[in-house]
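Q: Protein chains in written order, with the numbering used here: chain B, 1 to 101; chain Y, 1 to 364.
No wet-lab data here; the hints were simulated from the structure. Don't take each hint at face value.
Listed below are the simulated BS3-like cross-link pairs for lysine-lysine, each with C-alpha atoms no more than 27 Å apart in a straight line [claimed, not checked]: (1) Y/Lys321 with Y/Lys58; (2) Y/Lys67 with B/Lys30; (3) B/Lys30 with Y/Lys102; (4) B/Lys30 with Y/Lys151; (5) Y/Lys210 with Y/Lys120; (6) Y/Lys210 with B/Lys51; (7) B/Lys30 with Y/Lys37; (8) Y/Lys102 with B/Lys97; (9) Y/Lys321 with Y/Lys77; (10) Y/Lys332 with Y/Lys354.
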Amino acid sequence: MRIKNHPILEFPQEEEIAFTFEGKSVKGNKGDTIASALSALGIMTLGHSIKRNRPRGFYCAIGNCASCNMIVNGVPNVRTCITSLEENMDVWRQKDKGVIK
Amino acid sequence: MIKKECIIIGGGPAGLCAATMALAAGCEVLLVERSSKLGGQLTKQTHKFFGSKNQYAKWRGFDIAEKLISEIIDHPKLTVLLNTTVVGLYKDQVITVLSGQKYTRYQGESLLVATGASEKFLAFENNDLPGVYGAGAIQTLMNIYGVLPGKNVVMIGSGNIGLIVSYQLIQAGAFVSTIVEAAPFIGGYKVHASKLVRLGTKILTSTTVKRAIGKDHVEAVEIISLDENFKEVPDSSRIIPCDALCVSVGLSPMHHLLSMIGALTKYIPELGGFVPLINDHFQTSLPPVFAVGDCVGIEEASAAMMEGFLGGLYMSEFLNKKHPNHDELIEKYEKELFLLRDGPYGKKIKAGLKKMEDANQYVE
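Generate coordinates for the entire structure from the input sequences, incorporating the hints supplied.
A: Okay, here's the thing in structure tokens:
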């Protein structure tokens, strides 16, 4: 959910950035990170834990905790909370340790 | 390998202030920051700072960041690497940085670590459910990206960060129904707590979270009362509906890079946990390596800035490029640091610094 009215901050309408999440076309804003764009879309599960397959969400926002690691353009373990969103990015939930190609 | 005079790791308040002084002294600076912008935690701080004029009192955090950045960003001797994480620190001040998929090595004649802190976590059932957030993460989502993480929030922890983030959630349009605090008293400033109570937030002391409830994301939280020994009071369980649970139980210094090169560290609870030992020139046990800000002890951003200025000055002196007004500036910023720690809230920090001083004597 995007904040519309704020007593101190202004959030002007930003240019939209199209990308795909789990194969579906979605939109974020210019200036977003991948994780902030997904959060604004109400997507809370960003991946699953390796052993017990438990859902993982946004946690630290500083690239420290690995909870938001996702597969971006085929690359696993991308820290989506500190990675800027770019046009046509292909974003998938990660369920394993990731494979180095 | 690319050689640089000074390498500064971390572009938050401490790193920016250190860079300011090193550049003013004539040093060449490489500033490495893992996020996409400089300013660190300042960029999401919408509240006005306390303190004196030199500590940017009455300025909002993000305005301070903008000022510090604008003063150095066009300096010809400054190189800034954004979206770049230092993943390795080695002897002889060598760092390996990762930017996208590419690794690069740099070597500094001197190196200053200003990596800041990360949030502490709390053990409870289902603490890994989506919808459980660190307080800093909520601040970033709301105040930088304009995204509200939930409409009905429960906060764990009533320190200043817990109180301020609760207030900022309300400003952004959310409802903060409850703040739980395990201690029998509110941790932060009463002025913040009173403001929240007036806005309808309940602050429950001697209370903690037992578990988060929900299948794929947080839908409610079970809280319990604690007795004077922090043990659960029987039959005190209550369930509060919420769509976000915010963990604000303190910060822990990010000393890890320094541990990679064997810089001496010590566990000092008053400073937030393991911290590198530094002397009064902000030098670690490996002299060309300096450390400032929250990574050597958790304090306010104002203190991180003053330490940054001091660290930058001492690092320039170490490189035989003493700032023309070195003595005067050292005196000024030392005095500011002294004033910042000179209240009832500075007692803990001072006790921690005393332990640091004692440990240093033992080392020498």
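Q: Evaluate each hint against the coordinates.
A: Now the hints, each set against the structure:
Simply put, Y/Lys321 and Y/Lys58 have alpha-carbon atoms about 34 Å apart, too far for the 27 Å limit, and the pair is violated. At roughly 23 Å between alpha-carbon atoms, Y/Lys67 and B/Lys30 fall within 27 Å of each other, so this suggested pair holds. As the CA atoms of B/Lys30 and Y/Lys102 are separated by approximately 24 Å, the hinted pair is consistent with the 27 Å bound. For the hint pairing B/Lys30 with Y/Lys151, the CA-to-CA distance comes to about 24 Å; that is within 27 Å, so the pair holds.
For the given pair, Y/Lys210 sits about 17 Å from Y/Lys120 by alpha-carbon distance, which is consistent with the 27 Å threshold. Of the pairs offered as hints, the one joining Y/Lys210 and B/Lys51 holds, with about 24 Å between alpha carbons and a cut-off of 27 Å not exceeded. Between the alpha carbons of B/Lys30 and Y/Lys37 the distance comes to roughly 14 Å, so the proposed pair stays at or under 27 Å and holds. At most 27 Å may separate the alpha-carbon atoms for a hinted pair to count; Y/Lys102 and B/Lys97 meet this at roughly 20 Å.
At most 27 Å may separate the alpha-carbon atoms for a hinted pair to count; Y/Lys321 and Y/Lys77 meet this at roughly 14 Å. Distance check on the hinted pair: Y/Lys332 and Y/Lys354 sit about 22 Å apart at the alpha-carbon level, within 27 Å; holds.
Going down the numbered hints, you'll see the structure goes against just number 1.
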